[in-house]
Amino acid sequence: MAYKGIIIGGSAGSFQIITKILSSLPTNFKYPVFLCLHRLKHVRSGFIEALEIKSKLPIVEPEDKTIIKKGVVYLAPSNYHMYIDYTQRFSLSTEPAVNYSRPSIDLSFFSASASYREKLVGIILSGANKDGAKGIESVKKLGGLTIVQDPKEAQIKTMPNSAIELIKPDYVLTTDKICKFLNELNKKI
Amino acid sequence: MNLTLKEIKEINTVVLNKFGIDYSNYSIISFKNRLIEVLNTNNIKSYLELIDRIENDKLSLDKFTSQLAVPFTEMFRDPAMWRELRDRILPKINGKIRIFIPSCTSGEELISLLILLKEENILENAKITVSTCSKSIIDTVKRAVFTEKQMDLNKANYKRFKGKLDLNNYATVNNTKYYFDELIKNINFIDSRILTNSKLPTGQDIVLYRNKLIYYNVKMQSEILDVIKNSVRTSGYLIVGIMENIFISEGMDKVFKSVSKTEKIYKKKI
Chain B
9 MAYKGIIIGG
19 SAGSFQIITK
29 ILSSLPTNFK
39 YPVFLCLHRL
49 KHVRSGFIEA
59 LEIKSKLPIV
69 EPEDKTIIKK
79 GVVYLAPSNY
89 HMYIDYTQRF
99 SLSTEPAVNY
109 SRPSIDLSFF
119 SASASYREKL
129 VGIILSGANK
139 DGAKGIESVK
149 KLGGLTIVQD
159 PKEAQIKTMP
169 NSAIELIKPD
179 YVLTTDKICK
189 FLNELNKKI
Chain E
5 MNLTLKEIKE
15 INTVVLNKFG
25 IDYSNYSIIS
35 FKNRLIEVLN
45 TNNIKSYLEL
55 IDRIENDKLS
65 LDKFTSQLAV
75 PFTEMFRDPA
85 MWRELRDRIL
95 PKINGKIRIF
105 IPSCTSGEEL
115 ISLLILLKEE
125 NILENAKITV
135 STCSKSIIDT
145 VKRAVFTEKQ
155 MDLNKANYKR
165 FKGKLDLNNY
175 ATVNNTKYYF
185 DELIKNINFI
195 DSRILTNSKL
205 PTGQDIVLYR
215 NKLIYYNVKM
225 QSEILDVIKN
235 SVRTSGYLIV
245 GIMENIFISE
255 GMDKVFKSVS
265 KTEKIYKKKI
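Chains as they are written, first to last, in my numbering: chain B, 9 to 197; chain E, 5 to 274.
Just so you know, the hints here were simulated from the structure itself, not pulled from any lab data. Some hints could be false.
Just some of the chain B residues that point at chain E, by a computed CB distance under 10 Å [as the list claims (entries may be wrong)]:
1. LYS73
2. HIS89
3. PHE118
Covered stretches of chain E, as calculated for chain B (at least 3 residues, CB under 8 Å) [claimed, not checked]:
4. 30-38
5. 212-218
The beta-carbon is built from N, C-alpha and C at its ideal position, and this holds for glycine as well.
If we strip away everything but chain B, and leave its shape as in the complex, we get:
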């Protein structure tokens, strides 16, 4: 299966996992990576810089209608929903928060799965609410590959557990295994 994109959702307790995943990805990584993380609304800067320290890939907060490129990590900007459009562009939105969250992981995942269908890899990490569960369910329904961080390892288990209650993920993995999986995936194309 040739995948075209990877989307990762996380909240409380996922920052270190994300850093670890990003640091493991090689400079020649051939997929776009969409990060939808719950973050402080009023803090506009600093987050990217913190993620960039260990990442070999460029990290950007996409402006509206930015064209999606391989090998770039895209972080959902604070206080906007981030949609992955059918036209291979990002669309941002200020629609009301969902599950108290904007960006909403569910909404990002819905849009990505509708655009990429079976060519999407969806990953849910540690987090303190159930945002993301319905999102990963839509990835599964549309034939994409689903990965949930092993709740035994997750710092805050609500998010991965909510995902596992809703679907049977293709893989339940620890952080190290997620890193390994993504690197293997990169070797296949």
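With chain B's structure known, arrange chain E on it following the hints.
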């Protein structure tokens, strides 16, 4: 409830025939979300039922357009932009000041602006024009009622904006509801359902058009900016949302230059 692209296209065709509004260049995902919202709000069970209601006059144009519009969710959104406007832009404008807010969908942006102008003692000198896509939105904006929960967020933003007083000073509070209707006087409301077809004001010192472009595709963004640019006077300002970029539309770099990269404030070239 979900809608497929094909169903959305069918709805669009019916809407175009019935109401003369072309929604095909809206940003598809948010547009889909809004359509689903319209279905839920009106307790409509399928896209066919929606089509039936539109065709048989059971869902009015006014209701349809106002429910589709994305409301603004907070006053003083992006406080840094409001500080920039107060501290760097407004002092550059002398005498009478003309400000245009196109496609207003709820009152937050207008109220924030009115409060800012009042605190700077220039409200008396301001002529504000607001365009909306429906009569019921004008009513909502004029009523200017907000819940306590909304006000928590508005107040937090106002604090970051470093306003001079407290938002309570501008509202009448009654039964946990906040009324800002007293503020909304002498506003020129215009009905412009389709922005690109409307007679919009010209010679404006500032056009405040934040987080509206995001709801259109690239083609439509370009068409809208082509119209809006005519509202801004030479050396006047266009302000868009902090994650919007007018320069993805061809030719806009010849019309505007950026004066605040982070707050997305543009100045019209001579």
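Consistency of the hints with the structure:
1. LYS73: holds (5 Å)
2. HIS89: holds (8 Å)
3. PHE118: holds (8 Å)
4. 30-38: Since 6 is at least three, the answer is holds.
5. 212-218: Holds, because 3 residues of the segment 212-218 of chain E bring their Cβ atoms closer than 8 Å to Cβ atoms of chain B.
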